[in-house]
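Two chains, two frames, some hints: make the complex.
The listed protein sequences derive, respectively, from chains A and B. If you're matching positions, the first sequence starts at 1 in our numbering and goes up one per residue. If you're matching positions, the second sequence starts at 32 in our numbering and goes up one per residue.
Since the hints were derived computationally from the structure, they do not count as laboratory data. Hints may contain errors.
[To be verified] Which residues of chain A face chain B? A partial, calculated answer using Cβ under 8 Å: (1) Leu12; (2) Asp16; (3) Leu17; (4) Pro18; (5) Leu20; (6) Ala21; (7) Leu23; (8) Leu24; (9) Ala25; (10) Thr27; (11) Phe28.
It should be emphasised that the depicted structure is a prediction, and the values quoted were computed from it without experimental measurement. The beta carbon of each residue, even a glycine, is placed where N, CA and C say it ideally should be.
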Amino acid sequence: MVAALKTVPADLQVDDLPELAQLLAETFTAT
Amino acid sequence: MELARVVAVLFDMDGTLVDSDAAVARAWRTWTDEYAVEPLAWVSIANGRLAADTVRRLQPDLGVEAVAVAAARQLSLQHQDLSDAAAAPGALAVLSLLYRFGLPWAVVTSADHRLAAARLDAAGVSPPILITEEDVTNRKPVPESSRLAARRLGVEPEHCLVVEDAEPGAAAGAPPAPWWRH
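If we strip away everything but chain B, and leave its shape as in the complex, we get (with noise of 0.2 Å):
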């Protein structure tokens, strides 16, 4: 597809729209403290996925409910760390000229909706969709969230463009898979 067939764009959030590295990094950092877990374990596992996916990979070990604790203590870590949460280089750049091209764009994250307001607005970023993992039954690289957002765009998901920085992100705009299709 040439860009110029694009009608819409979707982003990720994290590490795509807003840098967040730092805070993410601060939360993980403590959270591997607290559980005894080599400190870098996180780094290769934890970027795309929720917490609850991450902390099963680091901790095998651990039951269903001591998982949901864990998961828990790790997005209560990043609630309450937005202190330097920021637009990424050339974000605001990208959407003044999706504004000026008429070309519509949604947010699209595998993060919770409190998070993702709450880094979207540190960012100034205000989307005019924004899909969460409240909205989805199925998390990404599944492209339910994907296709949500093409829909409430009101435009085909075959013609967005998905912009992301982590491989199950751009798995899930990846048009073969059959609920892709209306």
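The following block holds chain A by itself, in its conformation from the complex (with noise of 0.2 Å):
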């Protein structure tokens, strides 16, 4: 199931923790 990851709000949907990850990395060292 963790293939089908869902996150609200809706507009940062992703598909598996390691894009979680790599969304959370890129986001967060930039700020």
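Next comes the structure, spelled out in structure tokens:
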């Protein structure tokens, strides 16, 4: 089931936790 | 809301931070055998729901007491089987990043505390805040549990990122519900 993750808000939907990790790293490293 | 404005992350447990799919499937397989239910009937129903809710849908003719007994049996099967619960792929990496960036996080699950604590321990995940079914009156999709987690983390729920694998849980994080606002 981990390949079908949903996030709220919906515009941040990711497919899995590695993708979320990548987004977090890109976002918060840059800020 | 941009990801950069997120101040905390609320994770579902089963199917999100913890891969317990095999254990859950074994428990339901045994249960459906015992209750003479079609073996895979639970698959499209159980995710994100309490055992009693799923039992009620699978066995609509059962009375209240019989549902309670059947649900207790299902939970007992899950409590007995932690053999291969593990952190989901990427879970520990995500949590490591949250610590690195100073973002608080919590686990918000519809499981009971005993099962949640056991599965999280088996997965090597130690949440600063754990919200279980005993902590709330209204379960997902009502956002009471997400709101409680945000309050315990000291953040506004509107600024939390909610990570789920099930529709009821995702709905529980959705802001438009009137009880979401303080």
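Hints versus structure:
no.	hint	verdict
1	Leu12	holds, 6 Å
2	Asp16	holds, 6 Å
3	Leu17	holds, 3 Å
4	Pro18	holds, 4 Å
5	Leu20	holds, 6 Å
6	Ala21	holds, 5 Å
7	Leu23	holds, 6 Å
8	Leu24	holds, 5 Å
9	Ala25	holds, 6 Å
10	Thr27	holds, 5 Å
11	Phe28	holds, 4 Å
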